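**Q** Based on these hints, arrange chain B on the given structure of chain A.
Number of protein chains: 2
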Amino acid sequence: MLTIALDAMGGDHAPKAEVEGAVRAAGTLGVKVLLVGQQDVVRRELEQYDGYRDLPIEIVHASERVTMEDSAAKAVQTKRDSSMRVASRLVRDGCAQGFVSAGNTGAVMATAKIVQGVVPGVKRPALMGIFPTVAGNPVVLVDVGANVDCKPEMLAQFAVMGDIYSRNILRRTNPRVGILSIGEEEHKGNELTRAAFPLLKDLHINFIGNVEGGDIYGGTVDVIVCDGFIGNVALKVSEGLVDMFKKLLRESLEATISGKIGYALSKNALNSFRKRLDYSEYGGAPLLGVRGGCIICHGRSNANAIKNAIRVAAEFSGGKVNQQIEEELLRIGKAGV
Amino acid sequence: MLTIALDAMGGDHAPKAEVEGAVRAAGTLGVKVLLVGQQDVVRRELEQYDGYRDLPIEIVHASERVTMEDSAAKAVQTKRDSSMRVASRLVRDGCAQGFVSAGNTGAVMATAKIVQGVVPGVKRPALMGIFPTVAGNPVVLVDVGANVDCKPEMLAQFAVMGDIYSRNILRRTNPRVGILSIGEEEHKGNELTRAAFPLLKDLHINFIGNVEGGDIYGGTVDVIVCDGFIGNVALKVSEGLVDMFKKLLRESLEATISGKIGYALSKNALNSFRKRLDYSEYGGAPLLGVRGGCIICHGRSNANAIKNAIRVAAEFSGGKVNQQIEEELLRIGKAGV
Numbered sequence: 008m009l010t011i012a013l014d015a016m017g018g019d020h021a022p023k024a025e026v027e028g029a030v031r032a033a034g035t036l037g038v039k040v041l042l043v044g045q046q047d048v049v050r051r052e053l054e055q056y057d058g059y060r061d062l063p064i065e066i067v068h069a070s071e072r073v074t075m076e077d078s079a080a081k082a083v084q085t086k087r088d089s090s091m092r093v094a095s096r097l098v099r100d101g102c103a104q105g106f107v108s109a110g111n112t113g114a115v116m117a118t119a120k121i122v123q124g125v126v127p128g129v130k131r132p133a134l135m136g137i138f139p140t141v142a143g144n145p146v147v148l149v150d151v152g153a154n155v156d157c158k159p160e161m162l163a164q165f166a167v168m169g170d171i172y173s174r175n176i177l178r179r180t181n182p183r184v185g186i187l188s189i190g191e192e193e194h195k196g197n198e199l200t201r202a203a204f205p206l207l208k209d210l211h212i213n214f215i216g217n218v219e220g221g222d223i224y225g226g227t228v229d230v231i232v233c234d235g236f237i238g239n240v241a242l243k244v245s246e247g248l249v250d251m252f253k254k255l256l257r258e259s260l261e262a263t264i265s266g267k268i269g270y271a272l273s274k275n276a277l278n279s280f281r282k283r284l285d286y287s288e289y290g291g292a293p294l295l296g297v298r299g300g301c302i303i304c305h306g307r308s309n310a311n312a313i314k315n316a317i318r319v320a321a322e323f324s325g326g327k328v329n330q331q332i333e334e335e336l337l338r339i340g341k342a343g344v
Numbered sequence: 008m009l010t011i012a013l014d015a016m017g018g019d020h021a022p023k024a025e026v027e028g029a030v031r032a033a034g035t036l037g038v039k040v041l042l043v044g045q046q047d048v049v050r051r052e053l054e055q056y057d058g059y060r061d062l063p064i065e066i067v068h069a070s071e072r073v074t075m076e077d078s079a080a081k082a083v084q085t086k087r088d089s090s091m092r093v094a095s096r097l098v099r100d101g102c103a104q105g106f107v108s109a110g111n112t113g114a115v116m117a118t119a120k121i122v123q124g125v126v127p128g129v130k131r132p133a134l135m136g137i138f139p140t141v142a143g144n145p146v147v148l149v150d151v152g153a154n155v156d157c158k159p160e161m162l163a164q165f166a167v168m169g170d171i172y173s174r175n176i177l178r179r180t181n182p183r184v185g186i187l188s189i190g191e192e193e194h195k196g197n198e199l200t201r202a203a204f205p206l207l208k209d210l211h212i213n214f215i216g217n218v219e220g221g222d223i224y225g226g227t228v229d230v231i232v233c234d235g236f237i238g239n240v241a242l243k244v245s246e247g248l249v250d251m252f253k254k255l256l257r258e259s260l261e262a263t264i265s266g267k268i269g270y271a272l273s274k275n276a277l278n279s280f281r282k283r284l285d286y287s288e289y290g291g292a293p294l295l296g297v298r299g300g301c302i303i304c305h306g307r308s309n310a311n312a313i314k315n316a317i318r319v320a321a322e323f324s325g326g327k328v329n330q331q332i333e334e335e336l337l338r339i340g341k342a343g344v
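Chains A and B are the protein sequences, given in the same order. Heads up: the first sequence begins at 8 in my numbering, then just goes up one per residue. Heads up: the second sequence begins at 8 in my numbering, then just goes up one per residue.
Extracted from the complex, chain A is given alone in its bound form (with noise of 0.2 Å):
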């Protein structure tokens, strides 16, 4: 049975949907759930569920907590027993094959990478995000947030990564991946994308050359790589004319009773929406290129989203990405590329 390490303490919500989302992963999902955080809080929490006991759940004691407002830094420099760096611990000492957390995320990235260390071969671990397209398989994006001011080599590893993760856990047969650029020529983007594009045609995947903006919802490339620059903004871009388009239906529509009704069903469509692009919602979004496997809720995480996660965390670590990341950077290196 594959062991999760939870961060009891990291969400908005925690330690209540921490818990309750390993209680119903524990139940369903045939994993097991350490819950990571002070241990009288999360007992008092954890007593409120009738039967906890026959579910394979234990307690793992940290004393401290990472808050929001904590920088990366401080987080992982002062705060040593707090219940991100335990749990990150467990699975660094084998305790654990993965590592689940809402907290803060610029902290739980810097730690994953420092206490678990990254997969030999990888040169930096990047954040992916999965965005819902209008032919209904999801995109994966790579990276949203983990590093700024890429190198091409960076976005080639990206590639690899994504591809790996979209045929193992998304089950796409030969992914198409590619750079996100400003046109679709190969001396069309900026230095970076440019710099990289040979390197992508040079490895071992389905490498369609550069896509745009417009193709994130499209459904016709399935791995987009792109610095975490431009991935964070083309995220929180989303994110946010989704809102702008909640405002503009009410508007539109609530003027006739049909409008009303017609308003009423698209606000469901439409949040529904909102919750796929938030990442994290349907189950967090994986560091990639870590050792053992992270995967970085939102905040506003309830039990649903922290149970989603804790089963992406076993998929990934059942399904041997990291294994494989690890064989095709070495064969990469050895290859010279």
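Honestly, the hints are just simulated from the structure, not real lab data. All values reported here derive from a predicted model rather than from experimental measurement. Hints may be right or wrong, so weigh each one.
[Claimed, not checked] Selected chain A positions facing chain B (in silico; Cβ < 7 Å):
id, residue
1, Pro159
2, Gly216
3, Asn239
4, Ala310
[What the hints assert, rightly or not] Listed next, the stretches of chain B that the computed footprint assigns to chain A, with coverage defined by at least 3 CB atoms under 8 Å from CB atoms of chain A:
id, region
5, 48-56
6, 65-74
7, 236-243
A virtual CB, placed ideally from N, CA and C, is assigned to each residue, including glycine.
**A** Below, chain B alone, put in the same frame as chain A:
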């Protein structure tokens, strides 16, 4: 009376849309229009309109035409008698006060920059996009594609130009100016935004710091500066998302009668929003920082879009935007900013 030089052979519907747009503009806006293109073709089109002889319209002959397939370099270097270049030259020579084209965007930018030249003090002209917001007031984004790999000093100049445009043409008082970044704090962002931040702080503008992608549509900022690569991605992501929504809404609403009516209503709202996103649909995007002004329209522009672009070109020249840009950049240069 202001005179605007219009590239009559630029857009996908040229010269039909251009000629009709010129007739409407000359008939209602109190501006004179120079229609630049193959004389016989343009004249034949113009003769469709009764009373065109009484309007302030003149045809200026140009034997060549830049196509959408031509590279910017080719357009500039080899097509010396293109309608685009002749129109730009009319501005340089003082025969017109503004240049409007719906032709190949890259070629228009290169032509205007080389033929008309830049406003003294301007390092690089920038393409400005106007975005709708939930609050109703439009926000301007500079740059949306003219310059990739910007230097910090360029973002500072974009801020000065966007601020002056917002005050003079959009009539915003004390426009709020922000840098598009990830995270609000000064130290958040990439190398470019961090280096640009202190430069913008020293300008005589209402600098509100970093804004995020979601703020573009929030109505809490009036002018946003960014590298042209980022700006273009933000624009294209937005366009793609609107198209995605239309499909999503159709699917979720068409199942019921009231849903169908709601969809018909919401489709109109989305289509009108899509047009507002498509900056050129409502008057073209100004290329800020070129002498005499240059308004770039979308290739698909219809007569109404062309008419509006002529209006914007006239407002731009009449508003003394360039004069103020020159004065402000001179002041900054002297102050050693």
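**Q** The structure should be examined with respect to each hint, and the outcome stated for every one.
**A** Do the hints match the structure? See the list:
With its C-beta approaching chain B no nearer than about 14 Å, Pro159 of chain A sits outside the 7 Å limit, and its interface hint is violated. With 7 Å as the threshold, the beta carbon of Gly216 of chain A stays out of range of chain B, its nearest partner Cβ sitting at about 16 Å, so the hint is violated. A cut of 7 Å between beta carbons decides the hint on Asn239 of chain A: the least distance to chain B is about 4 Å, and the hint holds. Because the smallest distance between the Cβ of Ala310 of chain A and any Cβ of chain B comes to about 26 Å, over 7 Å, the interface hint for this residue is violated.
Coverage of the region 48-56 of chain B by chain A is violated. Counting CB-CB distances below 8 Å, 0 residues qualify, and the rule asks for three or more. Only residues whose C-beta sits within less than 8 Å of a C-beta in chain A count toward coverage, and the region 65-74 of chain B has 0 of them, not enough to reach three; the restraint is violated. For a cut-off of 8 Å, the count of residues in the region 236-243 of chain B with a CB near a CB of chain A stands at 7, and the three-residue condition holds.
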